[in-house]
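Novice: Here the structure of chain A is known, so what remains is to put chains B and C in place on it, guided by the hints.
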Amino acid sequence: MKKQQIADIFSRVREKRPLVHHITNYVTVNDCANITLCAGGAPVMADAVEEAVEMAAIANALVLNIGTLNRVQIESMELAGSMANEQKIPVILDPVGVGATQYRTKTAQRLMDRLDITVLKGNAGEIGVLAGAEANVRGVDSHGLSGDPVCIAQEYAEAAGLTVAISGATDVITDGKHTLLVENGHPMMGSISGTGCMAASVTGVFVAESKDPVLAAAAAFAAFGIAGERSAASARGPGSFKKGLFDELATLSPEDLARAARMKTV
Amino acid sequence: MKKQQIADIFSRVREKRPLVHHITNYVTVNDCANITLCAGGAPVMADAVEEAVEMAAIANALVLNIGTLNRVQIESMELAGSMANEQKIPVILDPVGVGATQYRTKTAQRLMDRLDITVLKGNAGEIGVLAGAEANVRGVDSHGLSGDPVCIAQEYAEAAGLTVAISGATDVITDGKHTLLVENGHPMMGSISGTGCMAASVTGVFVAESKDPVLAAAAAFAAFGIAGERSAASARGPGSFKKGLFDELATLSPEDLARAARMKTV
Amino acid sequence: MKKQQIADIFSRVREKRPLVHHITNYVTVNDCANITLCAGGAPVMADAVEEAVEMAAIANALVLNIGTLNRVQIESMELAGSMANEQKIPVILDPVGVGATQYRTKTAQRLMDRLDITVLKGNAGEIGVLAGAEANVRGVDSHGLSGDPVCIAQEYAEAAGLTVAISGATDVITDGKHTLLVENGHPMMGSISGTGCMAASVTGVFVAESKDPVLAAAAAFAAFGIAGERSAASARGPGSFKKGLFDELATLSPEDLARAARMKTV
Numbered sequence: 001m002k003k004q005q006i007a008d009i010f011s012r013v014r015e016k017r018p019l020v021h022h023i024t025n026y027v028t029v030n031d032c033a034n035i036t037l038c039a040g041g042a043p044v045m046a047d048a049v050e051e052a053v054e055m056a057a058i059a060n061a062l063v064l065n066i067g068t069l070n071r072v073q074i075e076s077m078e079l080a081g082s083m084a085n086e087q088k089i090p091v092i093l094d095p096v097g098v099g100a101t102q103y104r105t106k107t108a109q110r111l112m113d114r115l116d117i118t119v120l121k122g123n124a125g126e127i128g129v130l131a132g133a134e135a136n137v138r139g140v141d142s143h144g145l146s147g148d149p150v151c152i153a154q155e156y157a158e159a160a161g162l163t164v165a166i167s168g169a170t171d172v173i174t175d176g177k178h179t180l181l182v183e184n185g186h187p188m189m190g191s192i193s194g195t196g197c198m199a200a201s202v203t204g205v206f207v208a209e210s211k212d213p214v215l216a217a218a219a220a221f222a223a224f225g226i227a228g229e230r231s232a233a234s235a236r237g238p239g240s241f242k243k244g245l246f247d248e249l250a251t252l253s254p255e256d257l258a259r260a261a262r263m264k265t266v
Numbered sequence: 001m002k003k004q005q006i007a008d009i010f011s012r013v014r015e016k017r018p019l020v021h022h023i024t025n026y027v028t029v030n031d032c033a034n035i036t037l038c039a040g041g042a043p044v045m046a047d048a049v050e051e052a053v054e055m056a057a058i059a060n061a062l063v064l065n066i067g068t069l070n071r072v073q074i075e076s077m078e079l080a081g082s083m084a085n086e087q088k089i090p091v092i093l094d095p096v097g098v099g100a101t102q103y104r105t106k107t108a109q110r111l112m113d114r115l116d117i118t119v120l121k122g123n124a125g126e127i128g129v130l131a132g133a134e135a136n137v138r139g140v141d142s143h144g145l146s147g148d149p150v151c152i153a154q155e156y157a158e159a160a161g162l163t164v165a166i167s168g169a170t171d172v173i174t175d176g177k178h179t180l181l182v183e184n185g186h187p188m189m190g191s192i193s194g195t196g197c198m199a200a201s202v203t204g205v206f207v208a209e210s211k212d213p214v215l216a217a218a219a220a221f222a223a224f225g226i227a228g229e230r231s232a233a234s235a236r237g238p239g240s241f242k243k244g245l246f247d248e249l250a251t252l253s254p255e256d257l258a259r260a261a262r263m264k265t266v
Numbered sequence: 001m002k003k004q005q006i007a008d009i010f011s012r013v014r015e016k017r018p019l020v021h022h023i024t025n026y027v028t029v030n031d032c033a034n035i036t037l038c039a040g041g042a043p044v045m046a047d048a049v050e051e052a053v054e055m056a057a058i059a060n061a062l063v064l065n066i067g068t069l070n071r072v073q074i075e076s077m078e079l080a081g082s083m084a085n086e087q088k089i090p091v092i093l094d095p096v097g098v099g100a101t102q103y104r105t106k107t108a109q110r111l112m113d114r115l116d117i118t119v120l121k122g123n124a125g126e127i128g129v130l131a132g133a134e135a136n137v138r139g140v141d142s143h144g145l146s147g148d149p150v151c152i153a154q155e156y157a158e159a160a161g162l163t164v165a166i167s168g169a170t171d172v173i174t175d176g177k178h179t180l181l182v183e184n185g186h187p188m189m190g191s192i193s194g195t196g197c198m199a200a201s202v203t204g205v206f207v208a209e210s211k212d213p214v215l216a217a218a219a220a221f222a223a224f225g226i227a228g229e230r231s232a233a234s235a236r237g238p239g240s241f242k243k244g245l246f247d248e249l250a251t252l253s254p255e256d257l258a259r260a261a262r263m264k265t266v
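Chains as they are written, first to last, in my numbering: chain A, 1 to 266; chain B, 1 to 266; chain C, 1 to 266.
Hints are computed from structural coordinates only; laboratory data are not their basis.
Any given hint might turn out to be false.
[Said to hold, decoys possible] The calculated lysine-lysine pairs, modelled on DSSO-like cross-linking and capped at a C-alpha distance of 30 Å, are:
id : chain 1 : residue 1 : chain 2 : residue 2
1  : A       : Lys106    : A       : Lys177
2  : B       : Lys211    : B       : Lys2
3  : C       : Lys88     : C       : Lys177
4  : C       : Lys106    : C       : Lys2
5  : C       : Lys2      : C       : Lys177
6  : B       : Lys88     : A       : Lys106
7  : C       : Lys106    : A       : Lys88
8  : A       : Lys211    : A       : Lys3
9  : B       : Lys106    : C       : Lys88
In isolation and in its complexed conformation, chain A is listed as follows (with noise of 0.2 Å):
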């Protein structure tokens, strides 16, 4: 396992602080931003038509999540993800809900379509339905996907050209070529609203620093899922949880990171 690569890259975000822009929903937009900060980077967030170009120039990762999606927010990513594009930016994209309705959907494919996506980060439904396998998606949630979820990533990711990130009790990374299994995680992280999307966030604050979208959303699917362990460790429930994620993901280490690492190849 890549136990010094890991600590080098959280070593990087936690000198360098990457600015993160974020064009998200407005649900789970306070849970990414303190998350962005406790991962060591610095966040922002701006969905304005008017400025999303501006400041998605000067970011070092982009995160578009259709949690709660509008039209003026559709153009606003974009404009935001072309520019990040043209800069050389990786693009961090959480299909939120995709699958349980049209609307959603259809924006996540045009977004695939029409941007380059560095890493696409959904749950085994989610992403089973834009790789167009059965899924199963309820609201938010998802229900599962018939099929290995390691092959259908693997070939969903050589296909579209992306880094594909599943979130479950064993995360998925693939580029296709290089897959890394990620067993960090407590299921406490599902008795609250967000963890989701902030693994989104802090995938963007990793993958700014690394030229290895893999390993960098490897690493922070690690990280973060080293602070549920913690915390839920201590947590008496849902709130007590919460607080301790953050908590423990901004007193985490990179040797710490690097040593508490549950992930292999395959």
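Specialist: Okay, now just chains B and C, sitting in the frame of chain A:
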């Protein structure tokens, strides 16, 4: 008191995990999502006109909250509400700050006119305004009601053909024929923003799994109030109180709810 | 130092519970609502063009924050601001991220031109941009200011005819004639999103109950800073720090504030 029925509704909630679609304000939306999870439901927030109908159609309850209105949101509320009515999905309306501005009063009235509302939940001032009683609303706070809230609620519920739920030191839940008073809760619930909105979300979760909206709403108020009482017992201030509120509701069991509910029929 | 006056303002706040109308960003809006409550005020958030004027008219202070702008919100800010000016209700402007994009810079300038702002609150970079000094803003973070912040603030406050409040390790509050430095606060305040926005809300609460905006804003910064110091003393990380910040401000007494405030005149 209906201890067994209350425990049964809550057991069903925990088993079925009803999907509660919210069209709500951007101030307390994250708290609403999290409290829905703690109560045992699955939250989804979607207010785009393009998807409001589709999301409502798959939901088990719809919560409409006018805390931060805009034109698009009102249109989505009407569309989602009509679909919910068609599909016999219960609709909870929280007319936040009605009476404070004409825009809120007109919008709440319009939603009441065009939709079949299952439960109208508000504080005494808000319900008073809609019922045509002499009421006083300042910003989004109730400053009381001339007259007996029980009588006002009963008459209005009967006339409007819905269940009215007034939050307060003693909560009043009535459909005009059956009236329940709930005495759970704690003054610290007023020390944080969003307890009113969260009560509507919990009501949505419970009403989704019962054919008796009066009992279900009363059980929801009791559950949320008990969580408040227990959190207040160890809170040092509003920050720790809020954290504890989520912890306590998430760990409340159906039997525990039935035991600790302080409810009476009038 | 003006210990007694500071205690008096805070006592009045706690007694009167001023209504603070916010037109603000969707990232930290919940934190602003909760910190307003903790400070002793009553928050109301309403940014629809249809109700901005009516809500401003009943408020005791108006807080305008450009963190996530859009066209409608700017119109509401101008409408609400004009009403506040007419009614002599103090207006606090927080020009979040001004200098980072032209849209923010133009909007802040436009609000400054069209409205009488009572207190302009920002970090050194933001105030520097508006004052025409050489300043550096990256995303929504200040990266310093060439020149002495005290002089820049004094000259700009005098020229613009308002109170300037610069947050930092030492806060500078001045109307050009009277200048107060506040040394309360803790570096952990930078570890969470929204402390800048929250400081503007607390300023709104205090300025609502005083005829001396310099002293009131300084008292607000001191109160918020003391809460930060006390929370940091037992925080394990950003999550517990944030929880504690609310607890500490809510339980701070007027006498306690006067005693712990580290303020000096220059």
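Novice: Decide, hint by hint, whether the structure agrees.
Specialist: Here is how each hint holds up against the structure:
1. A:Lys106 x A:Lys177: Holds. Lys106 of chain A to Lys177 of chain A sits at ~28 Å (cutoff 30 Å).
2. B:Lys211 x B:Lys2: 15 Å, holds
3. C:Lys88 x C:Lys177: 22 Å, holds
4. C:Lys106 x C:Lys2: 38 Å, violated
5. C:Lys2 x C:Lys177: 16 Å, holds
6. B:Lys88 x A:Lys106: 28 Å, holds
7. C:Lys106 x A:Lys88: 28 Å, holds
8. A:Lys211 x A:Lys3: 16 Å, holds
9. B:Lys106 x C:Lys88: 28 Å, holds
The structure fails to meet hint 4 from the earlier list, while all remaining hints are met.
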